[in-house]
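*Asks:* The primary structure of each chain is shown beneath.
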Amino acid sequence: MYDAHAEQDWRAWFAEHGARLRLIARQWTRSEADADDVLQEAFVRFWKHQRHLPGDPNALVVTSIRRAALDLHRRTDRRTLREQVVSADAEAVMDFEPEADPRLQALARSLPSLPAEQREVVVLKVWGDLTFEQIGEQLAISPNTAASRWRYAMEALRRLVTARTYE
Amino acid sequence: MNNEEDIESALRRLRPRAPSPALVGALGRELDAAPASGRGVILRWAAGLSAAAACLLGFLLFGRAPATVAPAYQLVRAEQPPASVDLFDPVRLQDGSFVRPVRVRWSNETHWEDQRTHTRLINYSPSEQFGLIPLETY
Chain R
1 MYDAHAEQDW
11 RAWFAEHGAR
21 LRLIARQWTR
31 SEADADDVLQ
41 EAFVRFWKHQ
51 RHLPGDPNAL
61 VVTSIRRAAL
71 DLHRRTDRRT
81 LREQVVSADA
91 EAVMDFEPEA
101 DPRLQALARS
111 LPSLPAEQRE
121 VVVLKVWGDL
131 TFEQIGEQLA
141 ISPNTAASRW
151 RYAMEALRRL
161 VTARTYE
Chain W
1 MNNEEDIESA
11 LRRLRPRAPS
21 PALVGALGRE
31 LDAAPASGRG
41 VILRWAAGLS
51 AAAACLLGFL
61 LFGRAPATVA
71 PAYQLVRAEQ
81 PPASVDLFDP
91 VRLQDGSFVR
101 PVRVRWSNET
111 HWEDQRTHTR
121 LINYSPSEQF
131 GLIPLETY
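Going line by line, the protein sequences match chains R and W. The numbers in the numbering used here rise by one with no breaks, and the one at position 164 of the first sequence is 164. The numbers in the numbering used here rise by one with no breaks, and the one at position 102 of the second sequence is 102.
Treat the hints loosely; a few may be bogus.
Cβ-to-Cβ under 7 angstroms is the rule here; a few derived chain W residues that face chain R [as the list claims (entries may be wrong)]: (1) E5; (2) I7; (3) L11; (4) R12; (5) R15; (6) A18; (7) L31; (8) R92; (9) G131.
Everything labelled a hint here was simulated from the structure, so no lab data went into it. Built from N, CA and C at the ideal position, the CB exists for glycine as well.
Full structure from sequences and hints, please.
*Replies:* Structure follows, in structure tokens:
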């Protein structure tokens, strides 16, 4: 599904995977614009230099996104707290396409309510298509910790969706 | 949506928002250029560094002369200062004869100038020759 080794046309590959990659980038960035910058830098690096490397291309591109996001954080660490707060307020944009099913709507609205450490595990497992072992490598945690965060997230989402569905 | 599998299944049905056309356009500007293989990158770096070195050398040599016009140098001065001669103590060779070692040092200096820019090249070439002068003994 994510085989980029044989793919020659970046547009076709990005059209299929760009949305989920951007969602992953969004987990590690403070704003929509930052997510775009990170994804651009990571995807260009991946497509030019890494897609022919041995190994799982999907894990490679996620690693590239993670690295670009960390680099951006280091560069912008001196940003003032006020700017960060303003930015966070201004970026209340939904990460998903609208859904007709009210339960899916509730789920999409609930995801941002998760603690960041749980949400990134969910995003990496569902849209990154990574195993708990790969997630552990990405986040420098053990696979058991990743699995534990996943279970907490599922339980929290179940409660949130139930509450929101009957609001 | 009561258990973990239901929630995971529902999550997988959510469709992340597509990247903006601006992002796709920015990627296009970077990726639609000529493909850069590892060897290509090395060659481009080598060519770039060579060009930079040539520019630097040209700047140092020709100063204010425009790079597109070849300089025309003419000989404006030639000097050959008097040679210096060093005579050493006589030595005896294996055949019993005596010789005096002598060392002669001289230099040639020529000045070339581009009349248009007054850029001047000075060519200095020192030379040295070593010889033996036979001595007669009585």
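*Asks:* So which hints don't hold here, by number, going up?
*Replies:* 1, 8 and 9
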